[in-house]
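Peer 1: The primary structure of each chain is shown beneath.
Protein chains: 2
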Amino acid sequence: MIEARKFISQIREDREHGASELARTCLDALARHAGSIEVTSNGALRRQLIEFAQELQSTRPTMAAISNLIGEWIAAVGRLPAGNVSTLRDDIKSISTTLILASENAVSLAAAHAAELVGTGKTIITHSLSSTVVAVFACLVGNVKVIVTESRPPSEGRRLAAKLSDLGIETDFISDQQIGRFAKRADVALVGADTIAGDGSVINKAGTYLLALAARDRGIPFYVCFESFKHSDVSPVDIALEEHDPAEIDPPKLAHVRGHNIYFDVTPPNLVTAWITEHGVSQQASKAHF
Amino acid sequence: MIEARKFISQIREDREHGASELARTCLDALARHAGSIEVTSNGALRRQLIEFAQELQSTRPTMAAISNLIGEWIAAVGRLPAGNVSTLRDDIKSISTTLILASENAVSLAAAHAAELVGTGKTIITHSLSSTVVAVFACLVGNVKVIVTESRPPSEGRRLAAKLSDLGIETDFISDQQIGRFAKRADVALVGADTIAGDGSVINKAGTYLLALAARDRGIPFYVCFESFKHSDVSPVDIALEEHDPAEIDPPKLAHVRGHNIYFDVTPPNLVTAWITEHGVSQQASKAHF
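Those protein sequences? They're chains B and P, same order as listed.
Just so it is clear: in the first sequence, position 219 is 219 by our numbering, and no numbers are missing.
Just so it is clear: in the second sequence, position 203 is 203 by our numbering, and no numbers are missing.
Any given hint could turn out to be false.
Copies of one chain are not kept apart here, so a pair can be met inside one copy or by any two copies together.
[What the hints assert, rightly or not] Keeping only pairs whose Cα atoms sit at most 20 Å apart, straight-line, the calculated EDC-like set for lysine to aspartate or glutamate is:
1) K253 with E170
2) K253 with E3
3) K184 with E116
4) K122 with D238
5) K253 with D14
6) K122 with D245
7) K145 with E55
8) K184 with D166
9) K184 with E170
10) K253 with E116
11) K184 with D250
12) K163 with D250
13) K184 with E242
14) K253 with D217
15) K93 with D187
16) K6 with E170
17) K145 with D187
18) K184 with E3
19) K253 with E13
It should be emphasised that the hints constitute simulated quantities derived from the structure, not laboratory data.
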C-alpha cells in the first residue's frame, strides 16, 4: 500500500530525477495504489484514486509531463465502464502500464531521432541530467564525446558523468561558469526539457538559457530532445519556475544579503535550432510540428 | 626582507585578489625588497631587483596590469642615475610609491566615471570580485541595489557580498547558473577585468562572457570598468587563460572523465556597451579611446 501523503511529498522534494522519470514513477504509484487501497465500491475507488492523481498533478508545476501524463490517466480512468472493484483495479493498473510504455517508447524514439540528427564523431555539450539525453548518448556510444556541466545545485552533472563513464564515453567535466569557453570546443549543444511551453520555449534547469546563448554566439546548433508529453499549452510567462530553499546554495548569512535558488530558466524559441520528439525533428516552434 | 621565491609563489597561487590589487602588492614588494636586500654595489642592487621584477611580471599571464605596472617600474628604475646604494634604494622605493598611487587614482577615477554613467536608483548585476567595481558601489551607496554571483571557484562573490553588506547595500546573492534569470531583473551589468586585449575584448573570471551574452539578450548595457594599466596590446587569442588545478571543482574521479578548471573567459568587444577607465567612458573598442 502506498502512503499517499508521503509519496506526494517525495515527488515534490525529489531533486534526482527528470520530469519523464518522475511522471512514470507517479503512474506506477497510481497503479500500486489502485491495487492496494481499501475500498468496497467502484465509485469510492475511482474517487479516491482521482483525488490522489489530481494532487500528484500539481506537485511539480515546472514539469508538464507529470501533469500531462496523469491527465491522460485520469481521462482514461473516467472512460472505464462501471463494474466490480476487482476488475476496475486491474483496468486501472493496465492504464498505468500502457501510459508508462507510451512514455518510454516516446523517449526512445526521440533519442533515436536526435542521435541521427547529431551524427557520429561529434562532441556534444549538455547541461543538467536528462534521461532522454542519456538515451541519445547510449545510441552514439563509440562515436561521441561529451562535455558535461556540474549543474549546481544539486550537481546532477556528477551523476551524468558516472553514467557516461559506465558507457565508456570520453567526457569533459566542467563547472557551470565554463560553459562559454567549452561551447567553443563542442559541435552541438543538446539538452532535455522539463516543459516545452506553448511558444516552443524550453523550460529546463537554470543555466540552459546560458548554454543556448553561448551556442548561438559560437555558431553551433542548440537542440532540445523530449517526449511530446512535455508540451504545455501555456505561455512561458505563466509557467511557475520552482524556487527551492536558498540554503542549497549556502548564501552568506549577512545583513542586507538575500539568497535565491530558482531551479529553472526559460530559453526562448529563437535560440532553439531544432525540437526533437518521438514524431521527428522540427525546426519550427509550433506545437503542430512536434 | 622579502623571501623572493616565496612571494612569487604567493602571487602565482593567489585566488583572493584582483589584478589591480596584486599588481600593487608586487610594487610594494619591490619597494620592500629594494630597502632590505643585501648588496654592496648600485649595479648589483639594480640587477637583482630587475630580475625579481621580471619574474613577477610573468607570474600571472592572464593579468596584464601586473606585467604593465612592473614594466613601468623596470623602465623607471632603468632611468635612475648611477649613485650610492642608499640613495638608489630610496629612489626605487619612491618609484613604487608613485606607481601605486597612480594605479589607485586611476581606479578611483574610473569608478567615479562608471558611477556617473550608471546613475542612481539602479540595480546592477556583477560577476566575480573586482576592487574597481567595489569602488563604483561605494560611490553609489544609498542609491543602488546589487545582484552578486557566487563566482565559483573560489566563490569570491561571497566576499563581495560581505563588502556590500558592510556598505549597507541591498544585495541579491545567486549561484552562477541563475545569471540568465537575474539579468532580467537588473538595469545594468558591470564588471571589472583582468586584462583588456588589443581589440577591446574583456578577459575576466569565467562566467563573465555568459553575463555579457545574457545582458545583450535582455537588452541591458554591459559595462567594463578598469584602470588603463590593464590594457594589453596582444590579441585575445594570444592571451593565456590560466587553468588551475581541476581539484578545485572536485570533478568525479571516474574512468573516461576529465575535469577542467579554466579560470577566465573572453568577452568579445561586440558584447561590450562601454569601456570605462580613468580617462572616461568610451563606446569604441580601440585603445586610443581608453
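Peer 1: Now tell me, hint by hint, if it's right for this structure.
Peer 2: Structure-based check of all given hints:
1. In the homo-oligomer, the alpha carbons of K253 and E170 lie at most 20 Å apart only across protomers (13 Å), although the nearest pairing inside one protomer, at 40 Å, exceeds that limit.
2. In this assembly of identical chains, K253 and E3 lie within 20 Å of each other by CA distance neither inside one copy nor across copies; the values are 37 Å within and 38 Å between.
3. Taking the closest pair of Cα atoms, K184 and E116 never come within 20 Å of each other, the shortest separation being 22 Å inside a single copy and 36 Å across copies.
4. In the homo-oligomer, the alpha carbons of K122 and D238 never lie at most 20 Å apart, since the shortest distance is 36 Å inside one protomer and 27 Å across protomers.
5. In this assembly of identical chains, the alpha carbons of K253 and D14 never lie at most 20 Å apart, being 26 Å within a copy and 25 Å across copies at closest.
6. In this assembly of identical chains, the alpha carbons of K122 and D245 never lie at most 20 Å apart, being 38 Å within a copy and 27 Å across copies at closest.
7. For a Cα distance limit of 20 Å, the shortest separation of K145 from E55 qualifies neither inside one copy, at 41 Å, nor across copies, at 39 Å.
8. Taking identical chains as interchangeable, the C-alpha atoms of K184 and D166 are never at most 20 Å apart, the minima being 26 Å within one chain and 39 Å between chains.
9. In the homo-oligomer, the alpha carbons of K184 and E170 lie at most 20 Å apart inside one protomer (17 Å), although the nearest pairing across protomers, at 36 Å, exceeds that limit.
10. Taking the shortest Cα distances, K253 and E116 never come within 20 Å of each other, neither inside one copy (49 Å) nor across copies (31 Å).
11. When the C-alpha separation of K184 and D250 is checked against a cutoff of 20 Å, the pair qualifies neither within a copy, at 31 Å, nor between copies, at 23 Å.
12. Taking identical chains as interchangeable, the C-alpha atoms of K163 and D250 lie at most 20 Å apart only when they sit on different chains, with a minimum of 17 Å there against 27 Å within one chain.
13. When the C-alpha separation of K184 and E242 is checked against a cutoff of 20 Å, the pair qualifies only between copies, where the shortest distance is 17 Å, while the shortest distance within a copy is 30 Å.
14. In this homomeric assembly, K253 and D217 never come within 20 Å of each other (Cα to Cα): the closest approach is 37 Å inside a single copy and 32 Å across copies.
15. For the identical chains of this complex, K93 and D187 are neighbours neither inside a copy (44 Å) nor across copies (53 Å), given an alpha-carbon limit of 20 Å.
16. Proximity of K6 to E170 under the C-alpha cut-off of 20 Å is found in neither arrangement, the shortest distances being 40 Å within a copy and 39 Å between copies.
17. Taking identical chains as interchangeable, the C-alpha atoms of K145 and D187 lie at most 20 Å apart only when both belong to the same chain, with a minimum of 10 Å there against 39 Å between chains.
18. Taking the closest pair of Cα atoms, K184 and E3 never come within 20 Å of each other, the shortest separation being 49 Å inside a single copy and 42 Å across copies.
19. Proximity of K253 to E13 under the C-alpha cut-off of 20 Å is found in neither arrangement, the shortest distances being 24 Å within a copy and 28 Å between copies.
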